[in-house]
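Q: Single-letter residue listing:
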Amino acid sequence: MFNVLRQSLSTGVVTTSYPANPAEVSAQARGRPEIDWSALKDARAAAAVCPTGAIAIEDAAGQRRIEFDLAKCVFCGLCAEVDPAIRMTNICECAAAGRDDLVGRATYRLNRDGTHAEMVSRPAAAGKSPLELARDKASREALGLEIKARTQKMLGRSLHIREVDAGSCNGCEVEIVGLNSPVYDAERFGVHFVASPRHADMLLVTGPVTRNMELALRKTYDAMPAPRLVVAVGACGCSGGIFGVNYATRGAVDAVIPVDVYIPGCPPNPHALLQGILLAIGRLPKPG
Amino acid sequence: MAGEPVLYLQLRLFYTHKGTEKLFESLPVAHGVRLAESISGDSSFAHATAFCHAVERAAGTVVPPRARALRTLCLELERVYNHVADIGAICTDVAFVTANMHAMRLKEAVLRVNEQLTGNRLLRGMACLGGVRFDLDAGRREALEQLLTDLPPKFEALVNLVGDSSGTRDRLETTGVLKPEVARDLGVVGLAGRASGIDRDLRRDFSHAFYDAVQFTVPVFSEGDVQRRLAVRREEVGQSFTIIRQVLEKLPAGELHADLGELPADRVGLGYVEGWRGEIFHWVRTAPGNRLARCKVKDPSLQNWPALTEAILGNIVPDFPVVNKSFNLSYSGTDR
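Residue numbers (this note's numbering), protein chains in the order written: chain S, 71 to 358; chain F, 248 to 583.
Please keep in mind that the hints were generated in silico from the structure rather than gathered at the bench.
It should be emphasised that the depicted structure is a prediction, and the values quoted were computed from it without experimental measurement.
Mixed in with the good hints, there may be bad ones.
[Claimed, not checked] Below, computed lysine to any residue pairings styled on SDA-like, alpha-carbon distance capped at 20 Å:
1) F:Lys401 to S:Val74
2) F:Lys269 to S:Tyr317
3) F:Lys401 to S:Pro252
[Said to hold, decoys possible] Covered, in the sense of this in silico footprint (three residues per stretch, anywhere, with C-beta under 8 Å from a C-beta of chain F), are these stretches of chain S:
4) 181-190
5) 311-317
The C-beta atom is built at its ideal place from N, Cα and C for all residues, glycine as well.
Build the full structure now, drawing on both the sequences and the hints.
A: Set out below in structure tokens:
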């Protein structure tokens, strides 16, 4: 007993101060890729090496339509190796409330050799999440207070999450378990994992939804009391990922139940998960 | 059940079947590496490496020594973070949550070094056909060496914490016994097998990657209870530290990956890796146009699930979580 206490005391506090301070990721971490659309000269090589089809091209009538879908991206960085217009950042927090906020599209007129001439339509400014916009401390604190007020009003100071593995490879689960570690400690936000959808305010769904789990996922969703939130986790949950839709899977979670927030990544690290969960809480109806 | 003891356990698997093997046939072979990383998330690198071994063997490619050494490093890092996490999780299931908190803290330290070495906390994106994608430059080497200085004493403190707790030992010893003869009959593999007297480890018996160049011992116990499955993990983490140290000492210079060129059609290759859970096999037959006609994947969980139904018999229901955790089998790896 004395040893247990001594070890705990000598360890001290190991919890991160995220989101009050930026995410603790190394410079080598591969987060979301950044595309310099005006410098993109030929997207074919990047599209060919992309394992999940996150970079898709469509040629028609002398024009090329390019779609970059962050929800499908597994952050492997292969595209950045073949295309100088693409750069890997170490930004891991890219959760979004709308599926379309994760997609960038541009159209180019084509040269004879298949390279891009000029841009016909540029991508709209990517939707930034409230947490991402709140870079400075003051607005971060204001946002934190607002989320806190809403949570208190709707949920009474805590958020209960039911996690559902709808066909995941369990990579996302490795990181979700990390939320309960002393390093990320989701309990400091009142976030708590429960064993039944009846007790839950939020469903955290991982994996491409397999046909064998489709009914179970629907029933779990139906068993939840309102107000309820659904968060799709990882490339597979957001879009079907590398598995896509096949004889055994239905693909993205939103093909089966409505989704409030998407957390891209393969797997999203605990910072990204926290950001997504906090973003989802912000989507609760405004109090009053 | 009859009161508290479990009389019979029926497994209902394959809820997470994703058509993975069929998917390998429709993807270019290079994309198969990324798919292999998603067979079982906690064995991302081991599965990807087994897949690479299989394709490289079919293509007749010789992997450069530096790549083999770096693969070994990553395989051992994967073993360390999973074993540490499991030791903590086993403690949680017998209500020693403090130990799990320490274990999760240590696991996080390993995951952060994984990220520095390969860009991803689960080592994804590191494997590629013919070798590995990222070199161990001076900065990364320093991060790894720092981990090798910091982690072993912390891990030892965790082991002592668990070992000194008589209540924990009382719950773990003679719980969930898998007898050696049963383990042999079921063909149990990996750490569960080694806790039940099956002295088999592909790293030593069918050396792959860089394992022929390093010295290590394979811990084997014959009691087959939860305590021994924990002990195998404990000993293997220690061995992993010595393997990583030896690899760093002997790290050969040279290329990071060999070029596979055009994949010859109608060749077969068997790839195998001793992952942290046990032996992983990938078997491929190639097709024209850099594609695969077939890829058969075998995760160690496949053989070990039936062992759980044997080990749980006669145990009380409250011990089911800890017995289950002591095997820690993968649904996704089994279901594919």
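Q: Hint by hint, say whether it matches the structure.
A: Outcome of the hint check:
Under the criterion of a C-alpha separation no larger than 20 Å, the hint pairing Lys401 (chain F) with Val74 (chain S) is consistent with the structure, at around 14 Å. At roughly 9 Å between alpha-carbon atoms, Lys269 (chain F) and Tyr317 (chain S) fall within 20 Å of each other, so this suggested pair holds. Only pairs whose Cα atoms come within 20 Å are accepted, and Lys401 (chain F) paired with Pro252 (chain S) is accepted, the gap being roughly 16 Å. Closer than 8 Å: that is the beta-carbon criterion, and the region 181-190 of chain S has 0 residues meeting it against chain F, so the requirement of 3 is violated.
Given a C-beta distance limit of less than 8 Å, the hint that chain F covers the region 311-317 of chain S holds, as 5 residues qualify and 3 suffice.
In this structure, the one hint that does not hold is number 4.
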